[in-house]
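Student: Go ahead and model the full structure; you've got the sequences and the hints to work with.
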Amino acid sequence: MGATKSAVGLRDRKKIQTRDTIRRAALRLVQANGYANTTIEQIAVAAEIAPSTFFRYFPTKESVLIANDLDMVTVDALAAQPADMAPLKAFRRSVEITLAALASAEWRFERARLRIVLSEPELRAAQMDEYQRTARRLAETEARRTSRDTDDLEVRVFVGAVTGSMLTALDGHPSGIADRMYRTLDLLEAGMPFT
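The sequence shown: position 151 = 151 (my numbering), numbered continuously.
Possibly wrong hints are sitting among the right ones.
As the list claims (entries may be wrong) - Between beta-carbon pairs, the in silico distance windows are:
| id | residue 1 | residue 2 | range |
| --- | --- | --- | --- |
| 1 | Leu187 | Asp149 | 26 to 32 Å |
| 2 | Asp186 | Glu154 | 16 to 22 Å |
| 3 | Asp151 | Phe194 | 27 to 33 Å |
| 4 | Tyr182 | Glu154 | 21 to 27 Å |
| 5 | Pro82 | Arg111 | 27 to 33 Å |
| 6 | Glu122 | Arg183 | 28 to 34 Å |
| 7 | Arg56 | Arg144 | 29 to 35 Å |
| 8 | Tyr131 | Gly9 | 28 to 34 Å |
| 9 | Arg111 | Lys89 | 25 to 31 Å |
| 10 | Arg111 | Ile16 | 18 to 24 Å |
| 11 | Gln132 | Leu99 | 21 to 27 Å |
| 12 | Asp84 | Asn33 | 47 to 53 Å |
No lab work stands behind these hints: they were computed from the structure. A virtual CB, placed ideally from N, CA and C, is assigned to each residue, including glycine.
Tutor: Okay, structure coming up:
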């Protein structure tokens, strides 16, 4: 997920571009050969970098597929919402901003990446760890946004609810993620009326 040229300097743009090139090369190779049959060396060759450069961007092979810049876009968008906006409304707005920021090529990449992550047990477990890190960032962000403590019961329940909605949205075919995300938020906002 790239940033605008005006917001990011040349050096940072090159880092973002290299990171993206590595991720796309890894995805192509895993799609063609399978996760277990793809090596870091193969990814480096496909990305036209040295293996040592790979490790400057990603600590492990699994991390190249687990890395998800969208979570940080969502967290940053949540932080930008007004303090007096209701938590679920603020989160919905942050999801809308995240989804709107995705170009169609990036959305295709994310769906393909998720398809692989969710089909490989090792990657799926690592993805769950990443969700926990995202939940912590969401709690910290919402606590700051609303001038509360991260251990505040309401903050924790909010984070549990939206994290659960994200996990539910991701459980299924990647092409329906956005629809499922909005539907889960609709249910939360309606107070979970079982019909």
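Student: Evaluate each hint against the coordinates.
Tutor: Evaluation of the provided hints:
no.: 1; hint: Leu187 / Asp149: 26 to 32 Å; in the structure: holds, 27 Å
no.: 2; hint: Asp186 / Glu154: 16 to 22 Å; in the structure: holds, 21 Å
no.: 3; hint: Asp151 / Phe194: 27 to 33 Å; in the structure: holds, 30 Å
no.: 4; hint: Tyr182 / Glu154: 21 to 27 Å; in the structure: holds, 23 Å
no.: 5; hint: Pro82 / Arg111: 27 to 33 Å; in the structure: holds, 32 Å
no.: 6; hint: Glu122 / Arg183: 28 to 34 Å; in the structure: holds, 30 Å
no.: 7; hint: Arg56 / Arg144: 29 to 35 Å; in the structure: holds, 31 Å
no.: 8; hint: Tyr131 / Gly9: 28 to 34 Å; in the structure: holds, 31 Å
no.: 9; hint: Arg111 / Lys89: 25 to 31 Å; in the structure: holds, 27 Å
no.: 10; hint: Arg111 / Ile16: 18 to 24 Å; in the structure: holds, 21 Å
no.: 11; hint: Gln132 / Leu99: 21 to 27 Å; in the structure: holds, 22 Å
no.: 12; hint: Asp84 / Asn33: 47 to 53 Å; in the structure: holds, 52 Å
The structure is consistent with each of the numbered hints, conforming to all of them.
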